[in-house]
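**Q** Read off the chains here:
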Amino acid sequence: MECLDTEMLCRYIDDELDAAAREAVEAVLSTCRHCAERLQSLREHDTILQNALISAAPESVSRCDSSDPQQLSAYASQQLPAEEMTLVEQHLRTCEACLQDVLSMRRMMRVLHRAPLLTPPPSRVAQARAGFATRPGPAVVEQLGTLVVQVARNGLKFLESLGLPDEVRFAVGAQLAPAGAFRSTREDPDAATLIDLRQTVDELDLHMQVLHEDGDTVLLHIELQKQAQPIAKTRVALVSGGRTRSSSRTSDAGEVDFPRLPPGDYTVRVPQENVETQLILRPL
Amino acid sequence: MSSTSHAIKTLIRQCVRGEPEAQSLFQETYGSLIYTFPVRIFRLPEEDAGDFYLYVFDKERIFKRLRSFEGRNQIQFETFLSYYVLRDLFLEWTRSNTRIDTVSIDMPIGNSASDGNHSRTLEDILAAADPTPDAVVVQSDEEQEIAAILAQMDDDKRLALKLLALGSTDVSAAELQVIAQVASRSVEATLELIDEVIATLANKVTRAEDKRETLYTVDYWIRTYQQRIAALDEHLHHSDLHDAVERVELLTKEKAELERKLAWRYRQQKKLREELQKAEARPSYHDIARILNAPLGTVCSRIARAREEFAQRLAAERRAQA
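Top to bottom, those sequences are chains R and A. When the letters of the first sequence are read in order and numbered with this note's numbering, they come out as residues 1 to 284. When the letters of the second sequence are read in order and numbered with this note's numbering, they come out as residues 1 to 322.
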């Protein structure tokens, strides 16, 4: 009787044989000591391997600065249009942090919906609802306003601000003032290389510096502060045409840069602080 | 923009503006999801889930966090709401309720009264006392040795061995990337296929699904603790020397406590994986062949060669050590 090869022994261990083949293998094992020992050794190594895989070191927590929660949740829910799907796929092929988020989201939704959702007790529902009618409106401003800057080859000019809510204090340059008291640089003879724009509401200070680069592009430098302290490691997204063009986290000094921006309409969004402002870079 | 997407965005906008009718409608629509979230994801007893439910709506916390949502439809909104909003609110809430993440050892891990009828507690899974961090977080010498051996093997062979253990472990993000690449499939399609195989395995073994879900719960706790420890590390790293000594001490103490809890969760994770392993739910060679997009015969011989190579490398390693 011929000895069993490793493949046959593995298929025996993994229950991959039909009844007849299994019987034939067992017949060999009952007479061939060498095969029986090899089977035993394979099983022992399999146990070692399985135990090691179970105890594998946990993945480290990494972070992706260009992660877009809305896009990732749409991907995980299989709701992305084909063209965006391709872009996200490309990103996920190399970004472990975002892929880990997608894995976690999918598992989370599977666990949540494994059975019908639970109904909250009526007393709690009523308790929560009682608060709706009595609370004041949200304290944080949603839209800070729209700022329009003209971009030309020889420099920049601040043109106007639109829709600034009353509670936003605003400045072109250093001096903060109530909305409406700003100064347009439209009439200035010389174009500037830097336009300094600040919007402050409650304790939040959004400071944008638009710097002229070579040609028709600008570098947008943003500084975020709350109660005069930098807001570090906070995601700032630059949205244009309904899509996130770029997304980065602020440095320890609360700063983030978006270089090489061509003229266009941009939304600067700070999700953590629930604020956003519009910046229009208008070509000459 | 779809009408569903528009409706959700409008509803959220109205809620953010503080319109009571919209907020009530939001509560009716998503209240069950919000209430179920901590019960199923973090295995919180329903009694506490009621407190969390109130916390979410109190001071319009949930609406403030939803301001930036500009989603596509209902399904995406639920995913976004659960993973990015409710999870964060839950962490925030647990920080203000320190008893919550320590009491969980005694609570039923299957499901609460109205969510099933299992009566096991976390303590059943983990009978031993809380270990010290070093006891669990650090891999044993043998585990490190085997991890090193696996790392030396070709992707094809290593993945075949890993996929054989799919019943008790999950593929990592890095492994998923490699599988998608070797199988010439999209990440999305690879994920679908793996999920399908896992679901088949869960059906084969009684209560495997329960254990796997508990495992996911433990994973969420682990990630939560890891993130909180990382945040504390950052705080400590950037602490001004002039900061009050008491504050630094407090942060250090909090970090040590989180590390202890993290270690406990690792041990719980290992225990659950062992239980799943004992259930002997292994994917078939046919399933592994589908995942790797390789012929069945190739997978059979690859698994055999991988096991042979693993045995040889392990023997060589042991001889070298001797």
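Keep in mind that the hints were calculated from the coordinates and are not lab data. Be careful, since some hints might not be right.
Residues from chain A that keep clear of chain R, each with C-beta distances beyond 10 Å, as calculated [stated by the list, open to error]:
#	residue
1	255
2	257
3	304
Calculated pairs, SDA-like style, for lysine to any residue (alpha carbon to alpha carbon, straight line, at most 25 Å) [to be verified]:
#	chain 1	residue 1	chain 2	residue 2
4	R	233	A	223
5	A	59	R	234
6	R	233	A	249
7	A	9	R	51
8	R	233	A	232
9	A	64	R	51
10	A	157	A	281
11	A	9	R	230
12	A	255	R	272
13	A	157	A	64
14	A	64	R	230
15	R	233	A	256
16	A	157	R	233
17	A	64	R	104
18	A	270	R	51
19	A	270	R	14
20	R	226	A	229
21	A	255	R	230
22	A	157	R	17
23	A	59	R	235
All residues carry an ideal CB built from backbone N, CA and C; glycine is no exception.
**Q** State for each hint whether it applies.
**A** Structure-based check of all given hints:
1. 255: holds (14 Å)
2. 257: holds (18 Å)
3. 304: violated (4 Å)
4. R/233 x A/223: holds (19 Å)
5. A/59 x R/234: holds (23 Å)
6. R/233 x A/249: holds (23 Å)
7. A/9 x R/51: Given pair residue 9 of chain A, residue 51 of chain R is violated - Cα atoms ~48 Å apart, limit 25 Å.
8. R/233 x A/232: holds (13 Å)
9. A/64 x R/51: violated (46 Å)
10. A/157 x A/281: holds (20 Å)
11. A/9 x R/230: This hinted pair is violated, its Cα atoms lying about 31 Å apart.
12. A/255 x R/272: Distance of about 24 Å is within 25 Å: holds.
13. A/157 x A/64: violated (49 Å)
14. A/64 x R/230: holds (21 Å)
15. R/233 x A/256: holds (23 Å)
16. A/157 x R/233: Status violated; Cα separation ~40 Å.
17. A/64 x R/104: holds (24 Å)
18. A/270 x R/51: holds (9 Å)
19. A/270 x R/14: holds (23 Å)
20. R/226 x A/229: holds (24 Å)
21. A/255 x R/230: holds (24 Å)
22. A/157 x R/17: holds (21 Å)
23. A/59 x R/235: holds (24 Å)
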